[in-house]
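Asks: Take the sequences, apply the hints, and build the full model.
One-letter residues, chain by chain:
2 protein chains.
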Amino acid sequence: MPARLTPALDQLVKCLTYLPGVGPKSATRMALHLLEREQNKGAELAIALSEALTKVGRCQRCNNFSESDLCSICKDTRREEGLLCVVEATTDVIAIEQTAAFRGRYFVLKGHLSPLDGIGPKEIGIDLLKEIMEKQTVKELILATSATVEGEATAHFIGELAQSRNIKVSRLAQGIPMGGELGLLDSGTLSHALEDRKFLFADSGN
Amino acid sequence: MPARLTPALDQLVKCLTYLPGVGPKSATRMALHLLEREQNKGAELAIALSEALTKVGRCQRCNNFSESDLCSICKDTRREEGLLCVVEATTDVIAIEQTAAFRGRYFVLKGHLSPLDGIGPKEIGIDLLKEIMEKQTVKELILATSATVEGEATAHFIGELAQSRNIKVSRLAQGIPMGGELGLLDSGTLSHALEDRKFLFADSGN
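Here the protein sequences come in this chain order: A and B. In this text, residue positions in the first sequence follow numbering that gives the first Met the number 0: the first is 0, and each later residue adds one. In this text, residue positions in the second sequence follow numbering that gives the first Met the number 0: the first is 0, and each later residue adds one.
By construction, these hints were calculated from the structure, which means they are not laboratory data. It is possible that some hints are incorrect.
Since the list gives no way to pick one copy over another, a pair counts as held whenever it fits inside one copy or between any two copies.
Said to hold, decoys possible - No farther apart than 27 Å at their CA atoms in a straight line, the calculated lysine-lysine pairs in the DSS-like style are these: (1) Lys-167 x Lys-24; (2) Lys-24 x Lys-109; (3) Lys-109 x Lys-197; (4) Lys-109 x Lys-121; (5) Lys-121 x Lys-197; (6) Lys-197 x Lys-134; (7) Lys-13 x Lys-24; (8) Lys-13 x Lys-54; (9) Lys-24 x Lys-54; (10) Lys-54 x Lys-40; (11) Lys-197 x Lys-138; (12) Lys-13 x Lys-74; (13) Lys-109 x Lys-40; (14) Lys-134 x Lys-24; (15) Lys-40 x Lys-197; (16) Lys-134 x Lys-13; (17) Lys-129 x Lys-109; (18) Lys-129 x Lys-197; (19) Lys-54 x Lys-167; (20) Lys-138 x Lys-40; (21) Lys-40 x Lys-13; (22) Lys-40 x Lys-24; (23) Lys-109 x Lys-74; (24) Lys-40 x Lys-74.
None of the values given here were measured: they were computed from a predicted structure.
Replies: In structure tokens:
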């Protein structure tokens, strides 16, 4: 239960709890911090928030955040046109971009298939993805959905669509994460890692 | 290092890190959360923040946050006029109000004395406190500054001012916090608790 301050402060505290991971206590601390010490920064935040809400929309090609019709990645001609990475959310694009290991383009789904919640292919934007597969020169589709039941189901569904259009399909490798200790891993991860083991010398697998 | 998004989003992420306890990673998560799922709540937050910055000022009597000349506590005639609790910040007023154990009024200092940083009596608003002690009918001054070196020094300084004006002065009790286990307490707290021990029967102290 947060303390009662002035009406405008109470409203600010309430609105700050809309932020993920912020409860009434931190919201109160944030509100008082801005008002007591950082009035200018508070004003800057209010403006930045309004601006972002007005300016930021979706890229018409990949559905990523963008301030123009096409996002910076789709506009970048140095990106490989034929390599398309399908992810569940914008945060996944950010994560992959930070590895700097991918030079293709993206397609951002609106989440994953979840038939029980009434979320089918149409709801997550697979129609647009189909158009892209048909019109554009996609050679390989990398399915980078989550390693959850819904993520796997979504990958499977899109994989079949791609295969029927003669597009190569791949899925992110599953295995032991970097720094992972075997004793602490769940058996699902470990059995995946065993199954997909990588032979170290070209001829040892034969 | 936060990921590069669109310019407006980058700016929003930067401004969100102004909030206490929010780093670039949480700021990115907050920004994407608001834009992806909670556009309306985001707009509400931007408005609440601007409004609070415009409307909320200081109570002219106690220096607490207020949207009018006097704050709700100073306006409340049921509050004991003669009992004044001196605290270092607005958050302390909130903490004490939540106990519902205090029915007097407050005076909010602007922090504590810190001569090395050039913060003297004037900077933390002791001039206004002096005026109150002279003009108004304060009978007891409760020094509720922090139990830190600076808090103690501030309490000592104000205590002397009050004593020279024949006002009763008290300081919050120091001792074992509720639920505190002796083995885990620092020796400073424990020696305070020992020194200020409370005799349980009226005559056992004699």
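Asks: Now, for every hint given, state plainly whether the structure supports it.
Replies: Status of the hints after comparison with the structure:
In the homo-oligomer, the alpha carbons of Lys-167 and Lys-24 never lie at most 27 Å apart, since the shortest distance is 51 Å inside one protomer and 34 Å across protomers. Taking the closest pair of Cα atoms, Lys-24 and Lys-109 come within 27 Å of each other only across two copies (22 Å); inside a single copy the shortest separation is 32 Å, beyond that limit. For a Cα distance limit of 27 Å, the shortest separation of Lys-109 from Lys-197 qualifies neither inside one copy, at 33 Å, nor across copies, at 64 Å. Proximity of Lys-109 to Lys-121 under the C-alpha cut-off of 27 Å is restricted to the intra-copy arrangement: shortest distance 10 Å within a copy versus 57 Å between copies.
In this assembly of identical chains, Lys-121 and Lys-197 lie within 27 Å of each other by CA distance neither inside one copy nor across copies; the values are 37 Å within and 72 Å between. Taking identical chains as interchangeable, the C-alpha atoms of Lys-197 and Lys-134 are never at most 27 Å apart, the minima being 36 Å within one chain and 84 Å between chains. In this homomeric assembly, Lys-13 and Lys-24 come within 27 Å of each other (Cα to Cα) both inside a single copy, at 11 Å, and across copies, at 22 Å. In this homomeric assembly, Lys-13 and Lys-54 come within 27 Å of each other (Cα to Cα) both inside a single copy, at 25 Å, and across copies, at 16 Å.
In this homomeric assembly, Lys-24 and Lys-54 come within 27 Å of each other (Cα to Cα) only across copies, at 22 Å, whereas the closest approach inside a single copy is 31 Å. Taking the closest pair of Cα atoms, Lys-54 and Lys-40 come within 27 Å of each other both inside a single copy (20 Å) and across two copies (16 Å). Proximity of Lys-197 and Lys-138 under a CA criterion of 27 Å is satisfied intra-copy only: 25 Å inside one chain copy versus 81 Å between copies. In this assembly of identical chains, Lys-13 and Lys-74 lie within 27 Å of each other by CA distance solely across copies; the values are 25 Å between and 40 Å within a copy.
For a Cα distance limit of 27 Å, the shortest separation of Lys-109 from Lys-40 across copies, 20 Å, qualifies, whereas the shortest one inside one copy, 33 Å, does not. For the homomeric pair Lys-134 and Lys-24, neither the shortest alpha-carbon distance inside one copy (52 Å) nor that between copies (37 Å) is at most 27 Å. With identical chains, the CA atoms of Lys-40 and Lys-197 are never at most 27 Å apart, being 52 Å at best within one copy and 48 Å at best between copies. For a Cα distance limit of 27 Å, the shortest separation of Lys-134 from Lys-13 qualifies neither inside one copy, at 47 Å, nor across copies, at 39 Å.
Taking identical chains as interchangeable, the C-alpha atoms of Lys-129 and Lys-109 lie at most 27 Å apart only when both belong to the same chain, with a minimum of 14 Å there against 62 Å between chains. For the homomeric pair Lys-129 and Lys-197, neither the shortest alpha-carbon distance inside one copy (33 Å) nor that between copies (78 Å) is at most 27 Å. Proximity of Lys-54 and Lys-167 under a CA criterion of 27 Å is satisfied in neither setting, with 36 Å inside one chain copy and 60 Å between copies. For a Cα distance limit of 27 Å, the shortest separation of Lys-138 from Lys-40 qualifies neither inside one copy, at 48 Å, nor across copies, at 41 Å.
Taking CA atoms no more than 27 Å apart as the test, Lys-40 paired with Lys-13 passes in both settings, with 19 Å inside one copy and 10 Å between copies. Within a single copy, Lys-40 and Lys-24 get their C-alpha atoms as close as 21 Å, and across copies as close as 19 Å, so both meet the 27 Å cut-off. Taking the shortest Cα distances, Lys-109 and Lys-74 sit within 27 Å of each other inside one copy (21 Å), while across copies they are farther apart (52 Å). For the homomeric pair Lys-40 and Lys-74, neither the shortest alpha-carbon distance inside one copy (33 Å) nor that between copies (31 Å) is at most 27 Å.
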